[in-house]
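Protein sequence lines, in the order shown, are assigned to chains A and B. Numbering of the first sequence is given in the numbering used here, commencing with residue 37 and proceeding in unit increments. Numbering of the second sequence is given in the numbering used here, commencing with residue 13 and proceeding in unit increments.
Treat the hints with care, since some could be wrong.
Stated by the list, open to error - DEER-style ranges, computed between Cβ atoms:
| no. | chain 1 | residue 1 | chain 2 | residue 2 | range |
| --- | --- | --- | --- | --- | --- |
| 1 | B | T95 | A | G462 | 27 to 33 Å |
| 2 | B | W97 | A | T219 | 55 to 61 Å |
| 3 | B | A170 | A | K370 | 53 to 59 Å |
| 4 | A | D515 | B | M339 | 56 to 62 Å |
| 5 | B | T95 | A | S117 | 57 to 63 Å |
| 6 | A | D515 | B | A134 | 25 to 31 Å |
| 7 | A | G188 | B | I185 | 57 to 63 Å |
| 8 | A | F111 | B | I185 | 27 to 33 Å |
| 9 | A | Y414 | B | T141 | 38 to 44 Å |
| 10 | A | E315 | B | K229 | 53 to 59 Å |
| 11 | B | W97 | A | A251 | 30 to 36 Å |
Derived by calculation from the structure, the hints in this document are not laboratory data. Just so it is clear, CB atoms sit at the ideal spot from N, CA and C, and this is done for glycine as well.
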Amino acid sequence: MKTNYQYLRTEEAPILPPPATQSGIMGWLWQNMFSSMVQFHNVGAAIRSLLMIALTVVLAYAGFNTIVSLVQFAFIDAVWSDPDGLKRGVCTTVDQGGIATSQVGACWPYVGAKFKTIVYGAYPTEELWRVDIVFALLAVGIVWLVLENTPGRKLVGISMLTVFPVIALILLTGGHFEIEAQTFVIMAIVGLGGVALWVLGRNGGLGAFIEAFSAMFLLAGVTSLALLVAAFATSIDFGLVEVETSLWGGLLVTLVVALTGIAASLPLGVLFALGRRSEMPLIRYLSVGFIEFWRGVPLITVLFMSSVMLPMFLPGTEYQVDELGQTVLDAEGKPVILSEGWDFDKLLRALIGVALFSAAYMAEVIRGGLQAIPKGQYEGAMALGLSYGQMTQLIVLPQALKIVIPGIVNTFIGLFKDTTLVLIIGIFDLLGAIQSSFTDSSWATPTTNATGYLVCALIFFVFCFGMSRYSVYLEHKLDTGHKS
Amino acid sequence: MANRNNAGIGRLIYDQKFRSIFFQVLVAVALIAFVAWIADNTLSNIDAQEKKKGFGFLEDTAGFQILNTLGTAITDYTPGVSTYWDVFVTGVANTLVVAFLGVIAATAIGFVMGIFRLSNNAILKGFSTVYVEVLRNVPLLLQLFFWYFFVLRAMPDARSRIQLWGEEVGINITGLYAPAPQPQEGFGWVWLALAVAVVGGILFSNYAKKLQAETGKQLPVLWTQVGLIIGLPLITYWVMGSPLEWEYPTFNETGPIFKRGFGDTGLVLIPEMIAVWLALSLYTASFIAEIVRAGIMAVPKGQSEASSALGLKPNVALRMVIIPQAMRVIVPPLTSQYLNLTKNSSLSVAIAYPDVVSVFAGTALNQVGQEIEMVFMMMMVYLTVSLSTSIFMNWFNGRIKLVER
């Protein structure tokens, strides 16, 4: 039955464009800007809208102003080159004794002149290639690990944690350490003994006691042998000039402190995180005490402690004393030394402090991962008859560490920024190098400070922002969607 | 394999209890040996360097000058008269003052920035995004140097000033000068009135809750409380004849050159303190902003939809539904930010703001030379603050956490 209704429409309605408030630039502006400012239907909304307008105007003005003055400072008014070698003259106005005709912005030639200090500190110029090799190895290693699908990632990762530090140590310091023969002998005995006990005893060949602890013997043996190899490598004379750590500085020190901190804090952090969840009360309380102590005090006090207290804790030089309490002198009039004191390098002391400090933070991050693992995983592992060591190594840690990778990266960002504090105990890191370059009167201009701080802030920003983006990326990638 | 069934030690080592005791004894012995070794080294080092031991130095007089701050006002610090204990107290007071001010400012800025980041206004959002990303990715020490060496050192010299608010508030390289409140006789009554108002407000809200539970009637609790807390002290203040005077800073523009500049009157904030305060609060605010944003986003959208379905007005829904749930997520990380701020206040040693690290572990340590005792005391200050804040926050968390049945 077909009927023609006059009021029934026969053709389809035309497709209307979306309302102006929904599409295009105007729509975006409306939705993201003005929609919060035009509600005047009652007094409260009107007040809110007015406030919003005022705030928007003020913030837009402040933001615009900041950007304009930054661009003005860093590009438009900046001095780019110093062809005549005038140093401070090129960045100062005629009134201030320079050649610039108007107020200058950033003084980039200063950065160029101080580039070596900013990156390497006082490291001898003819030896800089050694630092460059370390930087290059580091960059290659990190890119290798960050990029996916690169071959041999696991191998590269392990060598970055084991071989790279030794190479870096030899290149940066020059190697050729004086290590006493007995140290080698002890390490060799412990190493070979440990491995031998493991080989012979793992199947019960040397009695149940040895069998029960065979994993520990293996661990001790392998660690000892690895240390032996490292010690041997650092004691070889490669013909490199020795460079004292007091000459290191700038970005080099920043990277050394941050990377040592993170590398040392990972194993320590795992140990203390496991300790905090241990069922043995003594181990648990010790771990809690360690973690809470380091987390409760600021890094500066830790650095103070490592620089002034640590030498007190370690054996000092002992001199031979006669019955009257007088120091015995030898033929040359020098006191006779019974035993050498442990004289630690200043940088090494700071590194110890940083490592312990970051280990406590790392332990808390890793504990978060351990807690996130369902109880069934532990029970399953135990039901399979795995020992504590096997369970931890094969079941728990791989899952826990994977969960906390973003947390580890965040800890690293914090540590990286905190390395600046070493300048307070007199080690010249990146910020320290820049701060100390201000005292150079040949580059003293009104904008030197600002330029230096800008460069320093930019370097840190690039590193930290890059890492935080990477951690966000990892978080998305590792999010398997199983979280409840 | 046969050995496993042997009696004696062979069986004992597979006993979990035995193994756990064995390990703990091993660790305890190693730890005691380690501590004893350190103690022995330390004692012989102290003897070798002929240093004093113990805390007797705290009663010696300290001869050095400390910048005038609230801390020196509390201990009435005078070089040559005050003891090292006074130095310690001065340092602790300065640390606590700057941490307290920093916490307040950081919370305010952080909450504002966090809410801005969730705004649908692109300018507000963009501003706070840039703020957060820049400030938290640049080291605090660099920011501190920026504020101190770049901004505050660039202020006019001691003979001139920038007028921020007419004659009353001005700033130059020696600090920020503002009127100082001078409570006169009878001002104590205003404090008393404030205390009464706070107690009254709490009692009133309890009564209103009870009334609502019994009869369903709602009383305007918030406005009554605001009225009480503002009104009562104001009335008392007026009744007592305005017992508060302001001491204005004076500024000599003429006269002999060495007498020009700000006088001794008024409230002075030294530039070191302003720099530490600014750097700490702006830096920490960038972390708090992220925490606030995460906390608000953690409240499911269904909660606000359900509130409006129940007929709650938007501001009531915000106050009664959204904020309490967001706070539950916000409070724990907020606490650790407060602790971080307190610990980071130790950075003030870099610009010589007289906090506990700077005056006690810095200047005083150089004069006394008893590293162990002094670094220990300094660490105990931070540990005490950290642990007591943790305890308080655990209590607070327990109060606001979800009651599950």
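Going through the hints against the structure:
1. For the pair T95(B) and G462(A), the beta carbons lie near 29 Å from each other, so the given range of 27 to 33 Å is met.
2. At roughly 47 Å, the beta carbons of W97(B) and T219(A) sit outside the given window of 55 to 61 Å.
3. One distance hint, 53 to 59 Å for the beta-carbon pair A170(B) and K370(A), holds here, with the actual separation near 54 Å.
4. For D515(A) and M339(B), the hinted distance range of 56 to 62 Å is not satisfied, since their beta carbons lie about 26 Å from each other.
5. With their beta carbons about 59 Å apart, T95(B) and S117(A) fall inside the hinted range of 57 to 63 Å.
6. Between D515(A) and A134(B) the beta carbons are some 28 Å apart, a value that agrees with the proposed interval 25 to 31 Å.
7. About 59 Å separates the C-beta atoms of G188(A) and I185(B), a value consistent with the hinted range of 57 to 63 Å.
8. Checked against the given bound of 27 to 33 Å, the beta carbons of F111(A) and I185(B), roughly 30 Å apart, stay inside it.
9. Checking the proposed 38 to 44 Å range against Y414(A) and T141(B) shows it holds: the Cβ atoms sit about 42 Å from each other.
10. Checked against the given bound of 53 to 59 Å, the beta carbons of E315(A) and K229(B), roughly 56 Å apart, stay inside it.
11. One distance hint, 30 to 36 Å for the beta-carbon pair W97(B) and A251(A), is violated here, with the actual separation near 54 Å.
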